[in-house]
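Peer 1: Taken in sequence, the protein lines are chains R and B. Reading the first sequence from the start, the letters are residues 1 to 218 in UniProt numbering. Reading the second sequence from the start, the letters are residues 1 to 577 in UniProt numbering.
Check each hint, because a few of them may be wrong.
Across the chosen pairs, the derived CB separations fall in these ranges [to be verified]:
1) R:Ser135 / B:Lys473: 17 to 25 Å
2) R:Asp148 / B:Ser474: 21 to 29 Å
3) R:Leu109 / B:Gln422: 29 to 37 Å
4) R:Thr163 / B:Ser427: 52 to 60 Å
5) B:Asp492 / R:Gly134: 33 to 41 Å
6) R:Thr163 / B:Lys415: 44 to 52 Å
7) R:Asp102 / B:Asp467: 47 to 55 Å
8) R:Ser135 / B:Asp467: 26 to 34 Å
9) R:Thr163 / B:Ser474: 39 to 47 Å
10) B:Thr448 / R:Gly150: 30 to 38 Å
Please keep in mind that the hints were generated in silico from the structure rather than gathered at the bench. The beta-carbon is built from N, C-alpha and C at its ideal position, and this holds for glycine as well.
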Amino acid sequence: MEKKKNKKVFLKVVIIGDSGVGKTSLIHRYTSTRFLQDFKPTIGAEFSNKEVVINGKTVVAQIWDTAGQERYQSLGISFYRGADCCGIVFDRSDHSSFENLDTWKNAFLKHGAPKEEGTFPFLVIGNKSDLDDGSLVKERDAQQWCADNGNLEYIETSAKDNTSVEEAFTKLIEKGMEREKVNLVELPDRMSQKNKTVNLQRDVAKDVNRKPQKKKCC
Amino acid sequence: MHRTGTFPKFSTLSQSPYKTGISNLHSPFQKLPIRNTETHSSSINQYDGGICGVTPKKFYTCNTESSDEDVLLALKTKKTKNCGTPSRSIDISKEKNPFTIGYLKKKFSNTGRFGSRNSPSKGSIFKVSNALKKISHTKNYSKCEKNPRKKYLSGYLTKKEIKKRKKCKGSETEVSESFYSSLKSKKAYEFGDSPNKGSPGRNQTTTNNSSFILLKEIVPLNEACNLSVLKYIKKSRADRESCRNKQKADKFRVKTLTETYEVYSKRDPKRIFRRRSPKFSRAKIDLSGKKVSTFATHYYRDGKIKQSPKVDKKAYLSPKVASKSANVSIKKKRKTSKNIPHHTRKSSNDRVFKWNYQNNLNLRTVNQKILRKVEDSKGTRSTQYDSHEDSRGENAQYKCECGNVNTYHCEAAQKWTEYADQNYSKSFEYEKDAKIFHDLLKLANTDTIAQESLLQIRNDVSRTMGDEEYFKKSNKGYNNVADVLTAFSLYDKSCGYVQGMNFIAASLAYHCDSVSTFWLFTSLIEDYGLRKNYLKGLEGFYERAESIGELAKKKIPKTYNFLVRSTFLIFYRKRIM
């Protein structure tokens, strides 16, 4: 049993949505527990790792942050492959981003090509719920859309106030864990425990070590 | 090939076996009889003409039936038959070292005909010198002997200088020098005479063995040899036989190499490989450049080195020694290293300490330099900024700390425009460009396509360079960048606005007016190949990613392999993804 505990589960989480919806701020909130007001638009894609203990198992979640613009969508497609779960984010104060949920979901299923199309774990996240105007997207509309598209789960978050950000990601990861174990990659002990770092300086050190030997004379 | 009496014309030299193939060189050895060094009765005819690796000149200058002594006499007395007289007389008696390479070079170069550049005689000399270069595999051998040998071969080094070089101790140097000294002095091997009085007697005992090993290496390399070298070879028949077969020769070469390692370096040859095991040391250093602590760390390439019982753990894993070294000065470290057994001492600790010490010094100096630069720049910048604010005035349309030129330019921006003018089809004229720019902005209100991209632009511009107040909302920088991007999205509709353009535009807008930023921005994208990156399909992006991947393959193969193996998809490839 001890061996099983040591092994870590590797999960690939992909988060998609329109640009300016708050994907990066959500991920940044989750991984580093901060909110950056001066963030930059993501170009291409970025990823960040986090280790979580869920149901007695340590999980290495690799969270991929994709670019929202359509031009970069062809590039983001390459990151969909091999994903274990997917979170679709929309801005509650922006109705157009809510309307684009269909296109995002279809694009993921088309290019990511998961084995089970019907039961692939999605999670719909309504961000920016701290903006209390009257024109927010209502819960009813969002949950109706989720019910129409294969009983997806829905969560309202705000990265600024840190309301239910962790819950959303834990739900995502739990859903990913529920999938067949065949798809999961269990990291060997060497990767997870001992060699966490990669020494990039080795080659440099070799070269440096050799040079002074040459110079020696007499 | 057997020549009788008649001397071949000079034109046949080109057809001589020297040029046709090296393998022919060894054929005459088969016919060579064993002959004593004392008797020189056999004629050169038995060498089968001039094939036998000796410099061919001598055979062509004399009759083919003449013996060695005759040749020498001919050289001395300038009596040559069937051949044009050499332009200069050669007096061997006066020369101390007639058979060294430098001597031969000189003489052949002086005697115009034989010293012609394409003649085989000179080629053979160079081959010998190349062969000697190849032998210098051992490190110490190459260290001390690289330059002096070359000089000596070319005949520029005198005896005294060589004696100076002898001070650097090492068995290799002694051997090599003795080898040349043996070549220098005419000995019993060459003409059967008693060794000359002038020859250095000190080295004679060592030369016979050590120089012989060198010769062993020269011969299997299929290189033409000197006269004296050949006569060494004639001495033992076994060596001749080994030279005949190439396969044998190759094996022989390997053996001799190991022998030379043992003889010259007096170390086991494995040690050279052991030395390559990766290990390096680090040093913590303050910002001020003072050394805080040093600790030596040793890393292994693989688990293999760890597991091997031959490697001493003391040598590589030296945490105790390293921890001591942090507090103790370097002289004391060497004392401690003496306590460690002999075989481990030199290999790891001492060298690491040395290297560490050198590295520290380097880092320290570098840090000091950087600090000085920073201090200087601070002092200058503050003065510049104060003077600049006064000169810039309120009318300036940009915000930067460079020199002021116009209301719409700074010094850096003017350099950019001058540089871009050379490549850009249109030249920069402010009034004309201002018109185009403002016309494009007017279109933005009516155009439907632009209004879609306007939302995107407003989204992105608000989050570019958010740290600066100049680019915050409702400031001058914010408006400038937004205007430039909207104008460009109308100017180039097929490309439009793409995320990532905002950073380029903002960095330009820091130095320029909105009109000149627009002009510089378009010149960057059209003439400097940035447009590919933003077109649909992102062709330029993939190209650059591939080129980075190939560079990483060459420069940092280990990390590249690690990244490819792992699930991270960093180096994109077309069509695979």
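Peer 1: Work down the list of hints and note, for each, if the structure agrees.
Peer 2: Hint-by-hint comparison with the structure:
no.	hint	verdict
1	R:Ser135 / B:Lys473: 17 to 25 Å	holds (21 Å)
2	R:Asp148 / B:Ser474: 21 to 29 Å	violated (42 Å)
3	R:Leu109 / B:Gln422: 29 to 37 Å	violated (51 Å)
4	R:Thr163 / B:Ser427: 52 to 60 Å	holds (57 Å)
5	B:Asp492 / R:Gly134: 33 to 41 Å	holds (40 Å)
6	R:Thr163 / B:Lys415: 44 to 52 Å	holds (51 Å)
7	R:Asp102 / B:Asp467: 47 to 55 Å	violated (37 Å)
8	R:Ser135 / B:Asp467: 26 to 34 Å	holds (31 Å)
9	R:Thr163 / B:Ser474: 39 to 47 Å	violated (30 Å)
10	B:Thr448 / R:Gly150: 30 to 38 Å	holds (36 Å)
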